[in-house]
Amino acid sequence: RYPEMSWDDYISKQLTGTGLVQKGAIAGLDGSVWAVTPGWALTQAECQSLAVGFTNNSGLVEKGMHLAGEKFFFLSATEDVLRGKKGNKGIHVAKTNTAIIIGLYEDPIQPGQCATTVEALADYLKGCNF
Amino acid sequence: MSGGVYGGDEVGALVFDPGYSSLRAGYAGEDSPKFDIPSWVGVTENSNGNETEKKYFVDTVALHVPRKGCEVVNYMKEGMIEDWDTFEKVLDYAYEKCIKSDSQYHPVLFSEATWNARGKRERLCELIFEKYQVPAFFLVKSAVLAAFANGRSTGLVLDSGATHTSAIPVHDGYVLQHAIVKSPLGGDFLLNQANNFLKESGVDIIPSYMITDKQIVKEGDRPKWTKKNNLPEVTTSWHNYMKREVVRDFQQTMLHCSESPYEEEMVTSIPTEPYEFPSGYNSEYGLERYKITESLFDPSYIKGVGSTMLGMSHVVSTSIGLCDIDLRPSLYSGVIVTGGNSLLNGFVDRLNRDLASRTPPNMRFKLIAATGTTERRFGSWIGGSILASLGSFQQMWISKQEYDESGKSQVDRKCP
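Chains A and B, in that order, give the protein sequences. At position 111 of the first sequence (counting the first as 1) the number is 111 in our numbering, and the numbers step up by one without a gap. Offset between the second sequence (1-based) and our numbering: plus 130.
With the rest of the complex left out, here is chain B (with noise of 0.2 angstroms):
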């Protein structure tokens, strides 16, 4: 038996998925990550005289219980791994909470942001085989592997995520890295938007760590609610952390994508939808939930930043002008949305209708987007889980053996 092959059958590979907002991490085979972590980690640090220990508190539960001096930090950073401590205790805490099993059993695939860091990338195959000892690594750009869970190996991938949007071409499994357009029009720059409609509207985000009680008042109505007793002290980035899940959740439910460019007298035809924040204040919102939205299609609606940006149609037309005239036909026809943020009410509508103008008139178009919601928010995983349970993936993982043989370069010869 040649060092690369796995018996894909007896021990089952692990899929680990990095993103800004959550780790997805599961079993390769499986349709979907059993763990969804995220990537904000609650930090507290005790000075005894010379030392100093610092504790870390990982996923949702242990993140939402206020402590005092916890502050919140991400391991993330442009979408590639940027404070490793960080991000090895949350590799412990999948392990030893979520997987429950010794590392040393189980294969590893990661998936990698498209323009990650060769630096980045041997650092992490090198704590991959040092620290957790695996018997076989490998890496994937998540565009490839979203490409994959839609079935498909060559497609344009429209990657719209927390930090930012891309396009990435994807030719037979292999991103053409000198056609990738970003954009920093994703999720949180939606959040940031409309945390500031909700400032300037007068509406005061309380979390709701901090609510006891609440009464039902009117809409519009000043809220009336009353405060926990005994509450720490908590940091500001640990009390701003909560304040944003709450914009988060409005940002999730209210806001819509227009189906046509945004025309004032259209969208105020539309009803109003009610919301209720956590204080018990609550409000119709009509007009807003497509305004704020409008900017991902149109920047020119972006308040104070100057219109430079690209909006979503065009970040996909660039990316396709930026390749090889021959390829081109089959990106077009092959348009993949994945990402969390794609899953915004009638982002992909208004997307199918921008591209569809936006096609050179003899190129067929085709609007590949996975209906469920997770589907589209795990797709770099799904790909993954697919691929790690390939016969033919596993004369190419790089093992153990190889690994100490080469070193840590051999990432970049087998993992293009």
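Isolated chain A (complex conformation) (with noise of 0.2 angstroms):
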């Protein structure tokens, strides 16, 4: 049986609290924050149209990516995973069966170090049916 955790601890834990993650969030595909590092104002608006770039990137690709109202340029996309960019600071999106997870990353952590943390939790989540 897994220990009981709440959506925060989850961010404080295993994104943050590993020191390779900046700032960590968790929403669901509809873009309804269910826990974020204090502080980072993201919208619902900017996760929903993260959640869909997984399937449709045009709009990121036009727009770009925007978090807490600061924009990235949109890198990559594929069906499981999103990467953004902006100066020494990036972003990194993976997707599990009902959510998001962002991670925040910026000099001196590197962006495979990030990308690795944040899909670590994201396969953890799958594999308990999140």
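Keep in mind that the hints were calculated from the coordinates and are not lab data. Any given hint might turn out to be false.
[Stated by the list, open to error] Simulated crosslink set (DSSO-like; lysine-lysine; CA at most 27 angstroms straight-line): (1) 373/B to 358/B; (2) 530/B to 63/A; (3) 86/A to 496/B; (4) 538/B to 126/A; (5) 126/A to 250/B; (6) 250/B to 530/B; (7) 373/B to 207/B; (8) 13/A to 89/A; (9) 261/B to 538/B; (10) 230/B to 261/B; (11) 312/B to 63/A; (12) 344/B to 358/B; (13) 230/B to 185/B; (14) 538/B to 219/B; (15) 184/B to 227/B.
[Stated by the list, open to error] Examples of chain B residues lying across from chain A (beta carbon under 8 angstroms, computed): (16) 232; (17) 304; (18) 306; (19) 307; (20) 308; (21) 310.
C-beta atoms are modelled at their ideal positions from N, C-alpha and C, and glycine is treated no differently.
Please assemble the complex out of the two chains, which come individually in their own frames, going by the hints.
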């Protein structure tokens, strides 16, 4: 039986707690924010346009990825992963069955480190049918 | 020491850059690859009852010997590795005869086509770790490496190689996949055009392996040459490969790009140049040298095929047009030309002219093309050599330990 964790715990322990993700968030596929690092003002509309991007990336290509009002350049999208970059900051978004996990990294964290951490959490949640 | 840090000073990393015309291999930190192994491999199949034994002939020296029943194959297709068995044989050859060192001591950096399929990336990762037991591995898109070789991490990379020419926007070391534009007009396309032209002019292409003796003839006269005795019965594929090599030499020496859009009167005023074939046949060529290459920039010149293909400058502007509007200035001010086919005489000048007229008025346009032949033919390899020797890169490798723990999917996470 897995220990009971709140969505906030997932962020503080599995994402930012590792030191490899600067700010994290978990949102539903409709964009509703389930948990987010305190102080990071993500809106539902922003998360929803990210969620849509996994299947149809034309919106992200045209306008870029917006998080808390900051614009990140859209780099790539697959069915499971989105990547964005802005200067020495970047975002890595992974999709599970019901949610999206957003990780923000900044120098000196390497993109690969943030990617591995976010995707590991996504794989775990998919394994729990989330 | 964390699992991912490797002493860049002690054991040299190897850099491999597989392409359709050749596999470039060498040591990281050097300024050009020590080994340039053709991707064309000779294969003979001998069946003894139930078993079929395949023998492979890798690299120019072994390949150019006429052998009975030896077929010529290329293990690459569309810029990606297709025939894994043959590729393994070439890698074995590279380690044994070129690098001459055990694979388990050297971290390996591979370049890959920008559109490489996920299955192939994982398969390569698996092959390298499982068979060759390397201590660390990394995979980088060749366009990104070409940009690094020119001192940039952002720009529009125009890679004109053997099988195709592609415009790939790179931003901060990441390829913008959605904006890649590919055109099949590359070195091999020009080779076919040149081949057709020579056939139509009645020139008989005799590959050098058949010739033992030739006599000097006057320009345009029938060649007088003696055929070698005791030639083994060679396969059609091998014979055609050797014929293509003759045309390739013609293509690389004679073809020239016109500085401005092709105009018959202007080109006729340029003096003709003589060329002699291995058989002794020689002739002067003028118009055709420019006409054949014009199809690269103006596809309406291609005979037979519809002109729905994009010319070189079109490929560049379409690709930039597909990118985020805020990125476009940095792309126009850094158009990086790379690839062996770009070494065609006059290619860069013509491209410069065409693109300058196509750039939107408010944007600064700059074309970056390395002057040396090695820098452009081996652009991706050189970028790999630079990257693998950077101190800041040493923590980015996928180590054997990571591979053992997380499997081949690590390549998707760590090598974007």
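Any of the earlier hints contradicted here, and which numbers?
-> 2, 16, 21
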